Amino acid sequence: MNSPETFDTLARVMRAWRLQPPRNPEFRAGVWQRLRAGQPLSWAGYVRAHAAPVAATLALAVAVGALTGREQARARVAAERAELAASYVKALDARSMVMP
Amino acid sequence: MRNFLVTGLVAVLACAGAFGVFYVMNGNRALHRAAREGDALAWLRAEFNPSPAQFRAIEKLHESYAVECGNHCAAIMQARQQAAPADQVAALEKTCVDAMTAHFRRVAELMPAGQGERYLATVLPRVAGYQHDAAPTLRATP
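Chains as they are written, first to last, in this note's numbering: chain A, 1047 to 1146; chain B, 674 to 815.
A hint or two may mislead.
Using 27 Å as the maximum straight-line C-alpha spacing, the simulated DSSO-like pairs for lysine-lysine come out as follows [what the hints assert, rightly or not]: (1) B:Lys733 / B:Lys767; (2) B:Lys733 / A:Lys1136; (3) A:Lys1136 / B:Lys767.
No lab work stands behind these hints, which were simulated from the structure alone.
Since we're looking at a predicted model, the values are computed, not measured.
Work out the full structure, taking the sequences as your base and the hints as a guide.
Dropping the structure here:
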């Protein structure tokens, strides 16, 4: 069974063997996908994988917060200004003015 | 799902942070304090930014006007209580409003350049709604 002729034959076969697998451009992505499927993705990895929608969401959140904050502050200033101006004028209706 | 929720939480925090920063940036701390304390003179100082000397002069003007205004108001209240003729009450009210308008103009003259006009534009339209039914005080809230 392990005669020298057998080894020679095997060696010939091995020398003649040429493996030509088809190119698979998705091979690397497939490997990563299988790796990710096996373990939970970290948030940093999730952000990297969904960079555009995450960035858009954060930008929208900041814009909404900034606009709302600005409008709320301006509305409060306007309301206080109107209240104080009205009180100031009304306060000059004085019979026993109390000055601070 | 967990990462989606974390992203949502980060977005909410970013929104809240931006809200806080812009709320503070666009606020007016001196005005808030004046409103909280109901101090109309503090409002005057915060709103029209007079120099310390100008503010002292305005304060003195208010003090001296308080006496005059008190006399006017007392006369109006007395006329009302005695059910004086309407034209007499109206004349007293007109005297008071004229005095008040003149007082505001004198205060405006003490304001920094450009602020006097803004001050008059703020207070004069409110003189039209002037009523002799409020307790006299320079506190904005009773």
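In rising order, the numbers of the hints this structure does not comply with: none
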